[in-house]
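Based on the sequences and whatever the hints tell you, model everything.
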Amino acid sequence: MGCKGKVWHQLQQAYHHNARQIWVFNVGDLKPQEIPISFAMALAWDINSIKHDTLSQFFSQAAEREFGSVLAGEVGSIWHRYDRLLALRKHEHIEPDTFSVLHYREADTVYRRWKELLDDAERLQARVSEEQKAASFQLVLHPTKASYIYNKVRWSQALNKLYARQRRNSANTYAQIALDAFDQDFTLSEEYHSLLDGKWNHILMQPHYGYEDTWHAPSRDMIGGLCFVQKRQNSNPIVGQMGVAVEGHEGVRPGRINEESERTHPSRRDLVPGLTLRPMSRYGPEARYFDIFTRGVPKINWSASALQPWIKLSQASGVLLPGEDDARVDISVDWGQVPDDFNEEVLIDVQSQEGDFEQVHLPINGRRVPNSFKGFVEQDGFVSIPATDCPIETPYLVLPDAGRLESGSLTLTPGTDSDVSVPYVHYPFYLFTETSNATLVLYFGTTLDLSSEDILTYDIRIDEEQSQSYPLQKRTPESEKNAADKGWASADGWFFAASDNVWVREHEFNLGAGAHTLHVRLGHANMLLEKIVVDCGGVAKSYLGPHFGIKA
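So in the UniProt record's numbering, spot 465 of the sequence shown is number 465, and the numbers just go up one at a time.
None of these hints come from the bench; they were simulated from the model.
Nothing here was measured: the structure is a model prediction, and the numbers come from that model.
Do not take every clue at face value.
[What the hints assert, rightly or not] Pairs of lysine-lysine residues, derived as DSSO-like cross-links and limited to a Cα-Cα distance of at most 27 Å, are as follows:
1) LYS474 x LYS374
2) LYS486 x LYS474
3) LYS133 x LYS31
4) LYS90 x LYS551
5) LYS486 x LYS374
6) LYS231 x LYS133
7) LYS374 x LYS90
8) LYS115 x LYS541
9) LYS31 x LYS161
10) LYS199 x LYS133
Right, here's the structure in full:
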């Protein structure tokens, strides 16, 4: 039973549609589901016992009941953060390519959140009394550690594949990290089964690696696709033994070279896009990064520099030994020193004492929005807006714990009648790009029409254009056939939406540069709006979509 905020929302919908006698839950094994079942049963007993914004209190109260008042805050916080991370995607549907290792630091951020949560859970496990250790292991440490290990396997598999394509020595390191984590997963299950003289033996026997793109359970755990480079072999002298890779690009023909025509030291001509970072502006990420790595046998003594004094590097020199970690250099900008009319590509020189030389290209734009504008600003060819960041008026409601993002979801108060006149919510945004094919992307939680007569709709308009109404779901002959043959929901695209935990809806607009206002109206209380993106051509492929920008 995943994201409790989503469960709260759905049980409220059930209650307000008069399903008040019997609720049926598919929970699998009862043993590991004590907290989710307690949550559902509390709402079954009293639908008002947990409010839309008191989920943290529920976790703390449950923790106090099990572990006492001293540890209640820590345990409750771990459960709460664990629940929010579960909302990203079901574990069995997380594969190495689910979270992007190239864009928006997505995979690294998900991995870091799990690592921070595990660190807290392990500190807690060390503090609980001997009498509580088995309970704490089963209720707190195991789910956190098992989830961390699973995500670590997928994260390291993804980096292994990327780094191998780039011929990094560190590709082999991440292959070993994946194998070690895969082994740690089974060791953790064995530890669980041995607790209290085997009281909970066999509970975790079901294989959980190898689902791939189906719901059918694997017969045995399996991870595949690991890559290795020959670390005793040097790279072609044309490319050299020092490699540079930039955030957002795996490189042009990564790991390969045309000896007759390629121009390197530094890379030139058609190789330049592979060394070019996404643009930086006052309204985008605080930093971009590039990696320096070894791709041969020699030690690398490297240094990096930029001509502009307002370009700040997190480190400017270092030594790389084959088999050790790569060097990541974060680039930040002192925007107070950047002229407003600056719009150029700056170069960052990266060289080694061994004779390697490369240049990182970084587009910088110092432009500003007018002082009179207040709202969301285009960064890197898009505007990304949390749906909950707007003035909230009745009957709208923010569910802070529903949806994939930490910003929560926007919905209507449970019980809101579809016939009630619902106002629009408003999102001011500013574009620097003038485009005839901007794409408005709306991310909705995966709810379904309640019946053919009670469908989910939303209305949108930009500026003073005429409002358009759209159904959240549509049905096709193929989706109706899947519903009849496979028992799926009849909404088109349901199989992938159910895995992604989100419906993505796109609409095309012709937008000029300058200030605009998006107006959105939800037509049903069974809707959850998480995120809004205006794509002017700059959105890169990722699972969660582009990160939120800075408001002016």
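Now the hints, each set against the structure:
1. A hinted pair counts as satisfied when its Cα atoms are at most 27 Å apart, and LYS474 with LYS374 does not qualify at roughly 36 Å.
2. For the hint linking LYS486 to LYS474, the alpha-carbon distance of about 18 Å falls within 27 Å, and the restraint holds.
3. A threshold of 27 Å between alpha carbons decides the hint, and for LYS133 with LYS31 the separation of about 17 Å falls inside it, so the pair holds.
4. Between LYS90 and LYS551 the alpha-carbon distance is near 32 Å, which puts this suggested pair outside the 27 Å criterion.
5. With a CA separation close to 49 Å, the supplied pair LYS486 and LYS374 exceeds the 27 Å bound.
6. A C-alpha spacing of about 44 Å is found between LYS231 and LYS133, which places the hinted pair above 27 Å, so the restraint is violated.
7. Note on LYS374 and LYS90: the hinted pairing is violated, with a Cα-Cα distance of about 38 Å set against a maximum of 27 Å.
8. Among the hinted pairs, LYS115 with LYS541 is consistent with the structure: their alpha-carbon atoms are about 24 Å apart, no more than 27 Å.
9. This hinted pair does not check out: LYS31 and LYS161 have alpha carbons roughly 37 Å apart, beyond 27 Å.
10. Of the pairs offered as hints, the one joining LYS199 and LYS133 holds, with about 14 Å between alpha carbons and a cut-off of 27 Å not exceeded.
Comparing the model with each numbered hint stated earlier shows that hints 1, 4, 5, 6, 7 and 9 do not hold.
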